[in-house]
Amino acid sequence: MELLQFVISGLATGSIYALIGLSFAIIFNSTGIINFAQGEFVMLGGVLTICAITLLKLPLLAAILAAVAGTTLVGIIFERFAIRPLKNATPLSLIIITIGASILIRGVVMLLFGKDTQALPAFSGTTPIEVGSATLLPQHLWIFGVTILVIIGSRLFFHHTITGKAMRACSFNRRAASLVGISVWRMVLLSFVISSALGSLAGVIIAPLTMTAYDVGVMLGLKGFCAAIMGGMGSGLGTVLGGLILGILESLGAGLLSSGYKDAIAFFILLLILFVRPQGLFKKGETERV
Amino acid sequence: MRKLLSTCLVGFSLILAASQAFAAAPIKIGALFAVTGPASFLGEPERNTAVMVVDEINRAGGIHGQKIELITYDTGGDATKAVQLANKLIKNDHVVAIIGPSTTGDTMAVIPVVEKAQIPMISCAAGIKITDPVKKWVFKTAQNDSLAVARIFEELRKERKTKVAILTVSDSFGASGREQLKAQARRYGIDIVVDDTYGPKDTDMTAQLTKIRGSHAQAVICWGTNPGPAVVARNAKQLGLTIPVYMSHGVSSKKFIELAGDAAEGIRLPTGKVLVADLLPKSDKQKASLQAFIRDYKKHYRTEGDHFGGHAWDAMMLLKEAISRGATTPAAIRGQIEATRGFAGIGGVFTYSAKDHAGLNKDAFVLVEVRKKGWTLVK
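Residue numbers (our numbering), protein chains in the order written: chain A, 1 to 290; chain B, 291 to 669.
Here chain A stands alone, though its shape is the one from the complex (with noise of 0.2 angstroms):
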């Protein structure tokens, strides 16, 4: 009867590290950058939305959007000033700017907002909700429920509208797709878009269960990128199953065996994933397209 109470707990989790595993997935596909910001963006969707509330006076609904818009502005900066001006850079060298430009986004909140940690009212209250012998706040449902819409979304913008095929285009070839007449550039801002307002938004939706100070993105971003991992770095359901399994291992893992396991557990995929299946779970292997 525990069993169900660890299963439903790393759901809610592994929903989250799925969301944000997305995130990680629609960059890397569309400029071949492992953005390791994308916990910042994460952390910046519950802070701003606290300003949003306490500063500017802002109803929830307003305030979380006003804080998804603000992310996004970042990401689009970020994208402008950092990886745009560097034309013919390695990924390893862009990759560096992406933790520095962490390192920048965590240390200016931390000067902002200062270090203390902060709760966002639940959406929809905190009774707890009964499911068999186990129980789950309404925020859950929440985050299910956005979960699933964003998968949805994704699927349909990839796979059925033009803009959405340029960018897969893009992530295959890109000069192919630039000699076809599709602006790389613009597809991959339009990336950093996507990957920055969906960050914020698992930030706002987790914010009022696991509170939110300007440190959280670390280990958040870390664990969405495992599940990105795990999924092959598929913007698809692989990365989405890669968060839900790991979400669920490590509740169990802390269930059943110790906590000090928990970050550990995690950890230990993402290697035995890099070294034994480095295309990811799901995915068969490819042959390199010629």
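Hints in this document: simulated from the structure, not taken from any laboratory.
Quick reminder that beta carbons are idealized off the backbone N, C-alpha and C, glycines included.
It is possible that some hints are incorrect.
[Claimed, not checked] Computed list of lysine to any residue pairs in SDA-like fashion (alpha-carbon distance at most 25 angstroms, straight line): (1) 491(B) with 260(A); (2) 115(A) with 444(B); (3) 115(A) with 663(B); (4) 406(B) with 424(B).
[As the list claims (entries may be wrong)] Some chain B residues close to chain A (C-beta under 7 angstroms, calculated; not the full set): (5) 491; (6) 494; (7) 498; (8) 614.
Keeping the supplied structure of chain A fixed, place chain B upon it in accordance with the hints.
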């Protein structure tokens, strides 16, 4: 006429300066606090309080007409820097006593320096090893973790609860608490049936609490600093945990209630008396000191004084008492501090002896319960 006036003025000011120099060379006291860095939540209120107390003493004419000069340095929570600054205080500034440092790490690093130079030091850090074993020149004012543990266990024994689950954070604060909880459990006839931990950055503790719910524990004791315990409180409410939840003094601030929200209701924790100064009975020896501290702090800094500032208040006041009993040399001040009996400060009622340089007993903590987003005393 004008010349005469200016001559008079110069003469007058000369006399004034001379008289000041002869009448009272100020007593120099050094202070080391972690005003910046990760322990700034300790160092900043401590520095503020020390400056405030010295101001008040000097405004009232000093001690026996002698002003106090406080020389404060910021260790940044860095033990190496703390040692350098301690040396500077002793060798360059020639202080007669040192208050601080703020953290156990800084204090342990500075101890050999003050022991060698034979300068009394009153630390504001809580670590039990600072005064156990006793060092001749080192005292401390912050309450030991072991006293907070004792306060909780005493209440559990009163309620005849013998099986507890402990959930501690995996950092130095949690590790020290866990050690104390396990060490003292047997003395109170208490069985620790679940012993679990969580990471300082963990955001979901339902797994650990589910395990606790499935055990026979009659109470949960969670040992950590914000935000972990707030998450534990929320998760416990989500899981419908019916057994009482105890927290450590690490979350004895309004911030915890703010973070945990409704989930904080009914949670109990041991805390220094600053938090509940107004609720204390008139007979409480510390009440006057507490109210003076809170009033002064509010006047100077426009925010609430906390128990961290209280550690510095106690340290300064102990020094003041020692000096006003006639001690002026480091050795005499040390002797007078050790001779302190029943000094009612902020952290508790201090009685030092040659065998005890921590000076407090478990009455330093009161047990409070969160009710309606405020604190109430558990009788």
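How the hints compare with the structure:
1. Taken as a hint, the residue 491(B) and residue 260(A) pair is honoured in the structure, with Cα atoms around 12 angstroms apart against an allowance of 25 angstroms.
2. Of the pairs offered as hints, the one joining residue 115(A) and residue 444(B) is violated, with about 35 angstroms between alpha carbons and a cut-off of 25 angstroms exceeded.
3. Annotation: proposed proximity of residue 115(A) to residue 663(B) holds, straight-line Cα distance about 23 angstroms (limit 25 angstroms).
4. With a C-alpha separation of about 15 angstroms, the suggested pairing of residue 406(B) with residue 424(B) holds against the 25 angstroms cut-off.
5. For residue 491(B), the suggested interface contact is upheld, since its CB lies about 5 angstroms from the closest CB of chain A, less than 7 angstroms.
6. With a least beta-carbon distance of about 5 angstroms to chain A, the hint placing residue 494(B) at the interface is held under the 7 angstroms criterion.
7. Here the hint on residue 498(B) is kept, as its CB sits about 5 angstroms from the closest CB of chain A, short of 7 angstroms.
8. The criterion of a C-beta within 7 angstroms of any C-beta in chain A is not met by residue 614(B), whose closest approach is roughly 39 angstroms, and the hint is violated.
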